[in-house]
Amino acid sequence: MINILRRKPADQSPRRLTLNILRHNPADPASVPQLQAYEIEEAEGMTLFIALNEIRATQDPSLQFDFVCRAGICGSCAMLIDGRPSLACRTLTRDLGKSITLAPLPFFELIGDLSVNTGKWMRGTSERLQTWIHNQTPISLNTLEERMEPELAEAIYELDRCIECGCCIAGCGTAQMREKFVGAVGLNKIARFRLDPRDNRSDDDFYELIGDDEGVFGCMSLLGCHDVCPKQLPLQTQIAYLRRKMAVIGFE
Amino acid sequence: MDVIHTDVLVIGGGLAGLRAALGAKKRGSKVIILSLVPPKRSHSAAAQGGMQASLGNTAKGAGDNEDIHFEDTVRGSDWGNDQEVARMFVHTAPKAVRELAGWGVPWNRVQAGPRDVIIDNQKVTLTEAEAAHGLITARDFGGTKKWRTCYVSDGTGHAMLYAVSDRTIAEGIPVHERMEAVSLIHDGQRCYGAIVRNLITGKLLAYVARATCIATGGFGRIYQSTTNAVINEGIGAAIALETGVVPLGNMEAVQFHPTAIFPAGILVTEGCRGDGGLLRDVDGHRFMPDYEPEKKELASRDVVARRMEAHIRSGKGASNRFGEHLWLDITQLGEAHINGKLREVKEICQNFLGIDPTKQWIPVRPAQHYSMGGVRTDAHGAARGLTGLFACGEAACWDLHGFNRLGGNSVAETVVAGMIVGEAIADFCKTPAGDMHVSTALVRDCWEQESARFSALAASRGTESASALLQRMQAIMSEKVGIVRNGEALTAAVDELKTLLLRSRDIGLRSSAPGANPELTAAWRVQKMLKLALCVTYGALQRTESRGAHFRDDFPRRDDAQWLKRTLAYWRDPDQRVPTLEYETLDVRHMELPPGWRGYGARDAVPHPDTERRENEVEQIRSRLGDAERQLIQQSLMPFRHLLPTHLRGLNARLEDHA
Ligand SMILES: Cc1cc2nc3c(=O)[nH]c(=O)nc-3n(C[C@H](O)[C@H](O)[C@H](O)COP(=O)(O)OP(=O)(O)OC[C@H]3O[C@@H](n4cnc5c(N)ncnc54)[C@H](O)[C@@H]3O)c2cc1C
Chain R
6 MINILRRKPA
16 DQSPRRLTLN
26 ILRHNPADPA
36 SVPQLQAYEI
46 EEAEGMTLFI
56 ALNEIRATQD
66 PSLQFDFVCR
76 AGICGSCAML
86 IDGRPSLACR
96 TLTRDLGKSI
106 TLAPLPFFEL
116 IGDLSVNTGK
126 WMRGTSERLQ
136 TWIHNQTPIS
146 LNTLEERMEP
156 ELAEAIYELD
166 RCIECGCCIA
176 GCGTAQMREK
186 FVGAVGLNKI
196 ARFRLDPRDN
206 RSDDDFYELI
216 GDDEGVFGCM
226 SLLGCHDVCP
236 KQLPLQTQIA
246 YLRRKMAVIG
256 FE
Chain C
150 MDVIHTDVLV
160 IGGGLAGLRA
170 ALGAKKRGSK
180 VIILSLVPPK
190 RSHSAAAQGG
200 MQASLGNTAK
210 GAGDNEDIHF
220 EDTVRGSDWG
230 NDQEVARMFV
240 HTAPKAVREL
250 AGWGVPWNRV
260 QAGPRDVIID
270 NQKVTLTEAE
280 AAHGLITARD
290 FGGTKKWRTC
300 YVSDGTGHAM
310 LYAVSDRTIA
320 EGIPVHERME
330 AVSLIHDGQR
340 CYGAIVRNLI
350 TGKLLAYVAR
360 ATCIATGGFG
370 RIYQSTTNAV
380 INEGIGAAIA
390 LETGVVPLGN
400 MEAVQFHPTA
410 IFPAGILVTE
420 GCRGDGGLLR
430 DVDGHRFMPD
440 YEPEKKELAS
450 RDVVARRMEA
460 HIRSGKGASN
470 RFGEHLWLDI
480 TQLGEAHING
490 KLREVKEICQ
500 NFLGIDPTKQ
510 WIPVRPAQHY
520 SMGGVRTDAH
530 GAARGLTGLF
540 ACGEAACWDL
550 HGFNRLGGNS
560 VAETVVAGMI
570 VGEAIADFCK
580 TPAGDMHVST
590 ALVRDCWEQE
600 SARFSALAAS
610 RGTESASALL
620 QRMQAIMSEK
630 VGIVRNGEAL
640 TAAVDELKTL
650 LLRSRDIGLR
660 SSAPGANPEL
670 TAAWRVQKML
680 KLALCVTYGA
690 LQRTESRGAH
700 FRDDFPRRDD
710 AQWLKRTLAY
720 WRDPDQRVPT
730 LEYETLDVRH
740 MELPPGWRGY
750 GARDAVPHPD
760 TERRENEVEQ
770 IRSRLGDAER
780 QLIQQSLMPF
790 RHLLPTHLRG
800 LNARLEDHA
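Chains as they are written, first to last, in our numbering: chain R, 6 to 257; chain C, 150 to 808.
Hints listed in this document are in silico derivations from the structure and should not be mistaken for laboratory results.
Careful: at least some of the hints might be erroneous.
[Claimed, not checked] Ranges between beta-carbon positions, derived for each pair:
id	chain 1	residue 1	chain 2	residue 2	range
1	R	Pro143	C	Pro723	44 to 52 Å
2	C	Asp576	R	Glu44	54 to 62 Å
3	R	Pro111	C	Thr276	50 to 58 Å
4	R	Gly102	C	Arg435	39 to 47 Å
5	C	Gln338	R	Glu156	51 to 59 Å
6	R	Pro31	C	Ile153	21 to 29 Å
7	R	Glu44	C	Glu731	48 to 56 Å
8	C	Gly611	R	Ala48	23 to 31 Å
9	R	Leu200	C	Ala459	47 to 55 Å
10	R	Glu213	C	Gln784	48 to 56 Å
[To be verified] Derived pair list, reagent style EDC-like, types lysine to aspartate or glutamate, alpha-carbon separation capped at 20 Å:
id	chain 1	residue 1	chain 2	residue 2
11	R	Lys125	R	Glu184
12	C	Lys175	R	Glu132
13	C	Lys495	C	Asp505
14	R	Lys250	R	Glu219
15	C	Lys352	R	Glu184
16	C	Lys495	R	Glu163
17	C	Lys179	R	Glu163
18	R	Lys125	C	Glu320
Bear in mind that the values here come from a model prediction, so they are computed numbers and not experimental data.
The C-beta atom is built at its ideal place from N, Cα and C for all residues, glycine as well.
Start from the sequences and build out the full structure, keeping to the hints where you can.
Pasting the structure below:
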């Protein structure tokens, strides 16, 4: 039968892992950010979801972090894992060294320890970029739906797969310098709605939203976003394409 | 004490809550949504496979309509559901899919011409009609006669949730994120909103509302092995239960999904089997046809899950160091299909198992998946027991699913119920009953009571550990209240859960971090979860029959004579240790589809004395009306349209009407 959960040789005893976690509780005036080390024994198939919950259950009940689906679908658990923005729930400890450093995603408001307020930022960005279908025609509930080419539906879904985890923002050079930069997550959404024939907005309308340094012209093409996106969205090509389209509008 | 006033308070930012909020808002109500997490992170996002609606656009869906969807749903429920609600649902589901299309959901579409698919392990070429090109397509799912499940690759819930959530942003509906409703404000007659805890600061607030809607999703986390998100702890249902006057319906009806990856419990969608995936045992043998010659892998979930467990028990399970399991084989679907239509499944297999499902089999075993039970409501979503309280989605027992829900019927329920219940809430707010005269003393009392509870718990030096109690409860539920149940195990489970409930009053905290200390949150929740666990277990113990997902090997037959009824669990006295159970009869005399054989699974139900008479009546009506329009026949058997808001009553157009 197939070999699941790539086994370690039987004689090898499990590794002791050290998780160095950047801790800070902004609600506590006495708290200062500091690394705290926790030791646990590695188990087969262990993810950071399992490891962090074990630490909270057995060592430190005050440790803050966010998990929801624990299946890499909901985008709640993005954090810096050895400095790289990734989803903790689907990171297997066996793919990391014995000493693992965890820190909250930078840029977002810190709630405590590894928990950051991505939701607030994402809602703000959605409002700013109006990330919804703009169409004044009332939807007819009883008649056949509008047709769409199958490939187009798939192409829209390709961009619709963003899970708003915030990794791209954490990995973005511009976002570190320009606080209001909409980032790859924002630009990708514009690309998604631009592609969607149900959205009646024109490129002029989109230019209003992203035709400046806080939008598509702020991107320095460092591609940090593209490299860290856990859903492997085609961010690089989308942003480049959008930039060309918006540049055309800018010249007009 | 901070007090926030609104017309409508929706507790829950998943698909159901968001859609209900949109309905109420459209009618002019001021709405606030509460959510534990940013709404797009709600568990609705994890729905992979799809949403049932009888559009009938595909070759394998041709001829589909509400009648067939209705029958599949009732059979799936093992006649445990409310048939009027099922009718309202199947009638509205196509409208919901079309509305979502208008809001931007990129539903997969029909490609005209021939295409190769795998059906029953054979390569088959289907030819899709030219006329259907570009309409919404559908895949096969368990327990359905037609291919009816509309989908967006295997990220259907994600695409739906994002579209609906973006819609609420467009409508300017505020979502108060990281907020947890911790009790309902009520006077035993009417609900006036909720006491809410801020999960960042730990502060308690009062939300006063004319109408309150619980849309908090399922409670899978009372089980150890579950496909549910870690936030699916059932607190919404628990706070309704704790009012003492609102009952939870059919809590013992818990669904186990056949294909959770083993041992992590993460789901791989039923779409895998719908698209042609097979279940295999330790010898690589495809065993489902041995048990279910007709529907095979695509019998309803309760049946497949039970057959799998039985097969494992007969010694045919494969095993790894975590225990026994079976295999899901999707290799024959081919790389192109898996990369395109099952990409989430592929990612999950790679990330959590380190395998490539295009080449390797997936280790699976059934795990808790869905809560059919919940806050008991009427057909409009109004909760029993308290005026001004509503519920919808997985948190509710509306009762579309009875004792087993069909795959694809749940995300469909969330939006359909949201459409109907949102409207009912708006109606309510416009009637005199919706006026509210709440005494500030009542609000303050409720706030102070809750505040005192949290302070006491935070200061408690008790000896019990919340996480230990939680783990023990989860273990009991998975071991003793799982797929196969019996009186002995259930009695033992009730006894131990009672003890755990008692012990949970003596939880002590180890930490006292300012803010919303996660240990305090967990300690507070486990007390509520234990009550839910007792409702499930005690209800299961009393129900001495097998129906749908509730299977007792000491009472293996469905017993319509005794048990054609819905369990209602009350927790009237905070000090009681098991719920008080009452029962609500399902009246055979009004059923459009009287009880019978489901078409799969066992065929040994004890009939209800009225069944035969009703069958004859139905037969007479049908033959009297001959080949009248199917809607007219339906209307004569069991009218339901009057229960729908007027704008949802219209007939659904289909391709065949245009031909
Ligand atoms: C892995 C998986 C796959 C699935 N796939 C499918 C599928 O393919 N097809 C299908 O039909 N069904 C599927 N289902 C079932 C379906 O996804 C769910 O039943 C449905 O999405 C539930 O939606 P909901 O809106 O009722 O609840 P949820 O989406 O769970 O939302 C609950 C909301 O309530 C909030 N909340 C909870 N408690 C509180 C509280 N106390 N205070 C404030 N807010 C609170 C949460 O923050 C959340 O926003 C699947 C389920 C799982 C687990």
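Verification of the hints:
| no. | hint | result |
| --- | --- | --- |
| 1 | R:Pro143 / C:Pro723: 44 to 52 Å | 50 Å, holds |
| 2 | C:Asp576 / R:Glu44: 54 to 62 Å | 59 Å, holds |
| 3 | R:Pro111 / C:Thr276: 50 to 58 Å | 54 Å, holds |
| 4 | R:Gly102 / C:Arg435: 39 to 47 Å | 43 Å, holds |
| 5 | C:Gln338 / R:Glu156: 51 to 59 Å | 57 Å, holds |
| 6 | R:Pro31 / C:Ile153: 21 to 29 Å | 23 Å, holds |
| 7 | R:Glu44 / C:Glu731: 48 to 56 Å | 52 Å, holds |
| 8 | C:Gly611 / R:Ala48: 23 to 31 Å | 30 Å, holds |
| 9 | R:Leu200 / C:Ala459: 47 to 55 Å | 49 Å, holds |
| 10 | R:Glu213 / C:Gln784: 48 to 56 Å | 52 Å, holds |
| 11 | R:Lys125 / R:Glu184 | 14 Å, holds |
| 12 | C:Lys175 / R:Glu132 | 19 Å, holds |
| 13 | C:Lys495 / C:Asp505 | 7 Å, holds |
| 14 | R:Lys250 / R:Glu219 | 16 Å, holds |
| 15 | C:Lys352 / R:Glu184 | 29 Å, violated |
| 16 | C:Lys495 / R:Glu163 | 15 Å, holds |
| 17 | C:Lys179 / R:Glu163 | 35 Å, violated |
| 18 | R:Lys125 / C:Glu320 | 17 Å, holds |
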